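Chains as they are written, first to last, in the numbering used here: chain A, 28 to 133; chain B, 458 to 545; chain C, 99 to 512.
By construction, these hints were calculated from the structure, which means they are not laboratory data.
Just so it is clear, the structure is predicted and the values come from calculations on it, not from any experiment.
Each residue gets a CB set at the ideal place from its N, CA and C atoms; glycine is no exception.
Ranges of calculated distance between the beta carbons of each label pair, as one might list FRET restraints:
#, chain 1, residue 1, chain 2, residue 2, range
1, A, R60, C, P232, 34 to 40 Å
2, C, A185, B, A503, 32 to 38 Å
3, B, R517, C, E443, 26 to 32 Å
4, A, R60, C, P201, 45 to 51 Å
5, B, G515, C, G193, 49 to 55 Å
6, B, S514, A, L86, 58 to 64 Å
7, C, D486, A, T133, 55 to 61 Å
8, A, T133, C, T296, 46 to 52 Å
9, C, D250, A, K37, 38 to 44 Å
Computed cross-link-like contacts, DSSO-like style, restricted to lysine-lysine with a CA-CA straight-line distance of at most 27 Å:
#, chain 1, residue 1, chain 2, residue 2
10, C, K504, B, K527
11, C, K298, C, K324
12, C, K309, C, K383
13, A, K37, C, K359
14, C, K359, C, K247
15, C, K309, C, K295
16, A, K48, A, K37
17, C, K247, C, K309
18, C, K324, C, K295
19, C, K300, C, K316
20, A, K48, C, K309
21, A, K48, A, K71
22, C, K359, C, K295
23, C, K504, C, K247
24, C, K359, C, K298
25, A, K37, A, K75
26, A, K48, C, K359
27, B, K527, C, K316
28, C, K316, C, K295
29, C, K302, C, K316
30, C, K504, B, K545
31, C, K309, C, K359
32, C, K309, A, K75
33, A, K71, C, K309
These are the residues of each chain, in order.
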Amino acid sequence: MARVLINIPKEARKGEVIEIKVLISHPMESGQRRTDSGQVIPRKIINKFVCTWNGDEVLSVDLFPAIAANPFLSFFAVADVSGTISMTWVDDDGATQTELASITVT
Amino acid sequence: MMKLLVLAVVVSMGAVGFAAEPPPGATTCSGCHGPSFMPVNGRASADLSSGMEAFRSGERPSTVMGRLMKGFSPAEIQAIAVWIAEQK
Amino acid sequence: MLGRRSVLAMPFLARAAFAQAAARVLVIGGGFGGASAARALRRTDPNVDVTLVESSPVFTSCPFSNEVIVGLREIGQQRFGYQGITAAGIHMVQGTAVSVDPPTRRVTLNDGSVLGYDRLILSPGIDIAYDALPGYSEAAAEVLPHAWKAGDQTLLLRRQLEAMPDGGSVVISAPANPFRCPPGPYERASLIAYYLKTNKPKSKLLLLDAKDTFSKQKLFMSAWAKLYPGLLEWVSLSDGGKVVRVDASTRSFETEFGSHKADVGNVIPPQRAGRIAVVAGVTDKTGWCPIDPVSFESRLVPGIHVIGDAAVAGAMPKSAFAANAQAKACALAVVRMLGGAAPVEPRLVNTCYSLVAPDYGISVAGVYRPVNGLLTDIEGAGGTSPIDAPPETRALEAEYANAWFKTLTSDVFA
Ligand SMILES: Cc1cc2nc3c(=O)[nH]c(=O)nc-3n(C[C@H](O)[C@H](O)[C@H](O)COP(=O)(O)OP(=O)(O)OC[C@H]3O[C@@H](n4cnc5c(N)ncnc54)[C@H](O)[C@@H]3O)c2cc1C
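Model the full assembly from the supplied sequences, consistent with the hints where possible.
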């Protein structure tokens, strides 16, 4: 599966705004390019990303072909309760990849 | 008045002896070639152009000259050779 | 009508014959671009009155300064005086240009003196964009040198490397495009790896990059795998290599995904055109100067030409070679324009040599012409040294790199 980089603080105070940064290695092939011999290179992109906190949705985004390779997302969330932050990427071919991070909120 | 102007131009040309304007690309050679490295100025234009052509076609192997000469047409190479041959 | 046409056909002569006072061209910046332009102007038309304004009494060359950092050269070999320029009949003014007034075509220097011009050529090189990298500043650069302007910074980085014990960790950060000398960070990493391998083999070098691809990448990476395995690690943008903050007090480099502490840290920071270009109004929102690729005249302010690193030169990289080539083309255009004639489309060339080790040279070359208002690569020409070349070829290119430096610096300064 694709390599993922994640930056989420391990601890936060209740009510603190934390930044979540994720980067997935992916070619994001747009479906618009052609090979040297003129054949269209089939589209293959990450089309969806969802982040949840103990099952509650923090962010859900649809991604489009114009997004560059290795999409990098950075967003904010309010630290509420300790638990698990889950991140899922969905590929055009149906494959999904989920990564988990735990956070302690005091 | 018109005649006078033209006369002035001619006199000025004789007095300062402007060099012919270099053809496109000709001034870039001196970025590498000079008294201390494979001097090219003043060499016979036929030698220069045949050397440059040989680099361009790959007939003469090179580290960098082949890559550079591929950016010029035979006519451009010829013009550069003529100009370089006149330089001191 | 006829007379007018005949004059236009001989633009150099037209001005010499009609103008009472010689045309004045003022050049700001006596580096590779500016000094070359001043000389090329005199060579093209000895009647032009050329003045070169430069802040420093001696020029210190960046090309080959990476060799100084690792003790393969001395800084004295990088320094060039302006005697040759003066001897070529150029008025040399030591001072810093602080303002430009395009409507009256006048430039003011830091000592208050004012110089007029008919045409102005700017070649101020780069400024470090301190504000574009949180934590970096002039003070921080005394701890984490950039060494991207040669001189004291070069020597500072050298001393730090020399003082570092074996087993230390060196961290270099490379910026996003565009910046001065695209292969420069990778040549520097190579030569520092060479220094460490030779002198401090237990040390490590980490190269954090804000890019996924770079100049001569295949050549550098195959050479690194062969020469410096396990010693030099390159972290690309997609591997989280982009540095977002530095901290001089702890010598650390913070990326989006982690933090790296260095014993010796070298920040190659974001850059922009030299300050005087901003003051003159020739920079756009990118911080660089858009130009007409035929004459190098600014697209924003008529009468001002911009060459070298400060200019947006399309496919041409920001190199000393390119600055010299642009200077010569610009000088021809300026002389023609002074004579009332249209400039002729130039053909430009660039070659950048890099040393991966003292006897291992590689190069990238390009030939360029204006297409749709931008300098564009001529297809089929240029490109890099072959990936599979034998050691003799690498040694030969290292030799040619040295020869190039000698020739170029004498072309400009001798
Ligand atoms: C480590 C390193 C290695 C490099 N290696 C190579 C290489 O191998 N090959 C290569 O081709 N290029 C190389 N370069 C790139 C090269 O140094 C630059 O591209 C080149 O110097 C650009 O020339 P320039 O005229 O634009 O600027 P510069 O050469 O920097 O000249 C600018 C000059 O303007 C002066 N100045 C600025 N503002 C003012 C003002 N307001 N008033 C008066 N004077 C002013 C400055 O003092 C300076 O002397 C390297 C760069 C670095 C950092």
